[in-house]
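There are 2 protein chains.
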Amino acid sequence: MRTMDAEPMRPVGPGGTIGILGGGQLGRMLAMAAARLGLKCAIYSPEPESPAFQVCDAHVVANYSDTRALEKFARSVDVVTYEFENVPGDAANVLSALKSVQPNPKALSIIQDRFSEKSFARGLGIATTPFALIDSQASLEAALPVVGVPAVLKTSRLGYDGKGQQIVRTADQLAGAWDGLKRVPCILEGFVDFTRELSVVAARGADGQTACYDLVENRHENHILRTTLAPAKASARLKTEAVQIAEKLLDAFDYVGVMAVEMFETRDGRLLVNEIAPRVHNSGHWTIDACAVSQFEQHIRAVCGWPLGDTTRHSDAMMTNLLGEEAGSWPALAAEPATAVHHYGKGEARAGRKMGHVTRLYPLGTRPEE
Amino acid sequence: MRTMDAEPMRPVGPGGTIGILGGGQLGRMLAMAAARLGLKCAIYSPEPESPAFQVCDAHVVANYSDTRALEKFARSVDVVTYEFENVPGDAANVLSALKSVQPNPKALSIIQDRFSEKSFARGLGIATTPFALIDSQASLEAALPVVGVPAVLKTSRLGYDGKGQQIVRTADQLAGAWDGLKRVPCILEGFVDFTRELSVVAARGADGQTACYDLVENRHENHILRTTLAPAKASARLKTEAVQIAEKLLDAFDYVGVMAVEMFETRDGRLLVNEIAPRVHNSGHWTIDACAVSQFEQHIRAVCGWPLGDTTRHSDAMMTNLLGEEAGSWPALAAEPATAVHHYGKGEARAGRKMGHVTRLYPLGTRPEE
Numbered sequence: 001m002r003t004m005d006a007e008p009m010r011p012v013g014p015g016g017t018i019g020i021l022g023g024g025q026l027g028r029m030l031a032m033a034a035a036r037l038g039l040k041c042a043i044y045s046p047e048p049e050s051p052a053f054q055v056c057d058a059h060v061v062a063n064y065s066d067t068r069a070l071e072k073f074a075r076s077v078d079v080v081t082y083e084f085e086n087v088p089g090d091a092a093n094v095l096s097a098l099k100s101v102q103p104n105p106k107a108l109s110i111i112q113d114r115f116s117e118k119s120f121a122r123g124l125g126i127a128t129t130p131f132a133l134i135d136s137q138a139s140l141e142a143a144l145p146v147v148g149v150p151a152v153l154k155t156s157r158l159g160y161d162g163k164g165q166q167i168v169r170t171a172d173q174l175a176g177a178w179d180g181l182k183r184v185p186c187i188l189e190g191f192v193d194f195t196r197e198l199s200v201v202a203a204r205g206a207d208g209q210t211a212c213y214d215l216v217e218n219r220h221e222n223h224i225l226r227t228t229l230a231p232a233k234a235s236a237r238l239k240t241e242a243v244q245i246a247e248k249l250l251d252a253f254d255y256v257g258v259m260a261v262e263m264f265e266t267r268d269g270r271l272l273v274n275e276i277a278p279r280v281h282n283s284g285h286w287t288i289d290a291c292a293v294s295q296f297e298q299h300i301r302a303v304c305g306w307p308l309g310d311t312t313r314h315s316d317a318m319m320t321n322l323l324g325e326e327a328g329s330w331p332a333l334a335a336e337p338a339t340a341v342h343h344y345g346k347g348e349a350r351a352g353r354k355m356g357h358v359t360r361l362y363p364l365g366t367r368p369e370e
Numbered sequence: 001m002r003t004m005d006a007e008p009m010r011p012v013g014p015g016g017t018i019g020i021l022g023g024g025q026l027g028r029m030l031a032m033a034a035a036r037l038g039l040k041c042a043i044y045s046p047e048p049e050s051p052a053f054q055v056c057d058a059h060v061v062a063n064y065s066d067t068r069a070l071e072k073f074a075r076s077v078d079v080v081t082y083e084f085e086n087v088p089g090d091a092a093n094v095l096s097a098l099k100s101v102q103p104n105p106k107a108l109s110i111i112q113d114r115f116s117e118k119s120f121a122r123g124l125g126i127a128t129t130p131f132a133l134i135d136s137q138a139s140l141e142a143a144l145p146v147v148g149v150p151a152v153l154k155t156s157r158l159g160y161d162g163k164g165q166q167i168v169r170t171a172d173q174l175a176g177a178w179d180g181l182k183r184v185p186c187i188l189e190g191f192v193d194f195t196r197e198l199s200v201v202a203a204r205g206a207d208g209q210t211a212c213y214d215l216v217e218n219r220h221e222n223h224i225l226r227t228t229l230a231p232a233k234a235s236a237r238l239k240t241e242a243v244q245i246a247e248k249l250l251d252a253f254d255y256v257g258v259m260a261v262e263m264f265e266t267r268d269g270r271l272l273v274n275e276i277a278p279r280v281h282n283s284g285h286w287t288i289d290a291c292a293v294s295q296f297e298q299h300i301r302a303v304c305g306w307p308l309g310d311t312t313r314h315s316d317a318m319m320t321n322l323l324g325e326e327a328g329s330w331p332a333l334a335a336e337p338a339t340a341v342h343h344y345g346k347g348e349a350r351a352g353r354k355m356g357h358v359t360r361l362y363p364l365g366t367r368p369e370e
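Those protein sequence lines, which keep their order, are chains A and B. At position 300 of the first sequence (counting the first as 1) the number is 300 in my numbering, and the numbers step up by one without a gap. At position 142 of the second sequence (counting the first as 1) the number is 142 in my numbering, and the numbers step up by one without a gap.
No lab work stands behind these hints, which were simulated from the structure alone. Bear in mind that the values here come from a model prediction, so they are computed numbers and not experimental data. Worth double-checking, as some hints may not be accurate.
Pairwise CB distance ranges (calculated) [claimed, not checked]:
(1) A:V192 with B:T240: 36 to 44 Å
(2) A:G328 with B:K106: 31 to 39 Å
(3) A:K106 with B:P48: 26 to 34 Å
(4) B:K182 with A:P48: 47 to 55 Å
(5) A:A236 with B:L364: 24 to 32 Å
(6) B:K182 with A:E47: 37 to 45 Å
(7) A:T366 with B:R169: 51 to 59 Å
(8) B:T266 with A:P48: 57 to 65 Å
Sample of chain B residues lacking proximity to chain A, with all beta carbon distances greater than 12 Å (derived) [as the list claims (entries may be wrong)]:
(9) S96
(10) A349
(11) R360
Virtual Cβ for every residue (Gly too), placed ideally from N, Cα, C.
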């Protein structure tokens, strides 16, 4: 699949302006990476207290359904990108009629829907968790024999960090679970006997060149990423396979920008794609401190038509999220050796809210496993 | 010397606001470092097109003589710092009556004047280049026997990158050179037979703790820094001596923040202090990419009462300034391996103007000397 952009990519050099949809920590870190390159950022967000507003050249507070505001925004920037996968399709279309939107809206629309995302991967011969679409009584009944129990029922669109999900332990729980999700289109995913979650943060430039950061291992608590270990302890075969999966997806989507691919490693050593994120990703935050070019800068480079940066890791790293009140531990964290502390400038430290992260650096080959 | 602040230092944590005087690339990189820590920045600058405005939460365009604007600014922030040593003393006084100003105005006022700066260093037993004050016909005549020729006549205040300087090759040129500098108070500095310029970027926290980055070697072209090599190839004795000089100065000034000390190494292996910069410094830019905590974050940590960060170098580095039109070479530079490209968001690429820099990283112990 090769899509054509509304407007061919011309490099956006220092002094140019990038429009970013979304003003959370990812938009904030994208804006900071863009600033390093001498690029200005304009942030578009419906939230008046968006953390990214604190570090950008211009910002707009408006809804994603506000066509006039979107058009004005598109005219004020050189290229448009986004920090989150749930950009409404209509908004992407309004913007892409006026400016290059990267990653391209077609890739975005496929990845936004869990069923089309997984079908797309499977169509490329990439192994995924077992899955089935549930959007009718008939598909509900057909799903169980394919997927089996236990399984997880997820809304096919929206939802993150475990929101919009129901666990289905026995066959008779499925109908009730779907009722619980208001019978919106859902995807039923089979439980996989996996040993761990891995991810690759990969990028593709406007010239079709690709570059991947090292395969990493992710550990979750309560469905929220807690720690990323870079690099993952893994065989050369596994690392190569993970990179091949990411590159196959990037090329098939005619993708420009950074993409994260979350994978399960099964007990018998296979990789199953769990989720694709069409954006910079929490499991790539370690690259800010352990690589010459971070995932954020890499994304900015790609969408601006710059050469991709070197993804070589100069240090091993362990990234730990600071959730809710944990952000208050900054005085102790700041005193640790070889540790980079990051706070996102968010106001209220609600339980489970991602307030910041710390990256601990280790000389190559010396990172502990815990 | 121990000075007392107008207001005792209380830590400024995430969510707090730092007021920065000056909106150039140093203010910009300070603001970006503050943002990493979840701190907001307000930038005060007389220049409407200040590069730092693009990355900060708030900014004020006003002159440093505008008392009302300064007072309003001080009330809007939690602590005040600056990116340049020529902050007018009156402005520092207005601000410090309302908020903690760090580094403290007393240190600033000593360092602002080349004669008092060098006298202060000498008073601590620190070797400097030979120097004498010229502020009258009598002192003009007394200076030559002390300093000798060739020498450099510099205005005692203001001036940078070779501006406000006259070379005096023979004794009879001195009077004319002083006329050329409009007979303002000047310092006559003897030429030193030095082999190279070295510098230490050092910091002192609100608790009196100090931390130094590795000694580096600086190479100039046309009085402007071209390249910094980190670390400098130097004996352990020389490195220790440089750190001791920096620490002695930090303590004597009761300093809080980052200070750079430029030194000459003489042919016989002695260190002579050439200049003290009461701020982050061009010769410390490599720390952004080669240390977990950069000089910019270190300065922010110090003035906000945080623990100082680890100054350990994880990589060797070579920093090269991009002057004037050289900034246009970003497509080639961005394609280099292990290279971090930095642009300052400045509009016009005037000849010799610092537009950005690149830092090339090397595994420890592998950096070439050129």
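Which of the listed hints are not met by the structure? Hints 1, 3, 6, 10 and 11 contradicted; others consistent.
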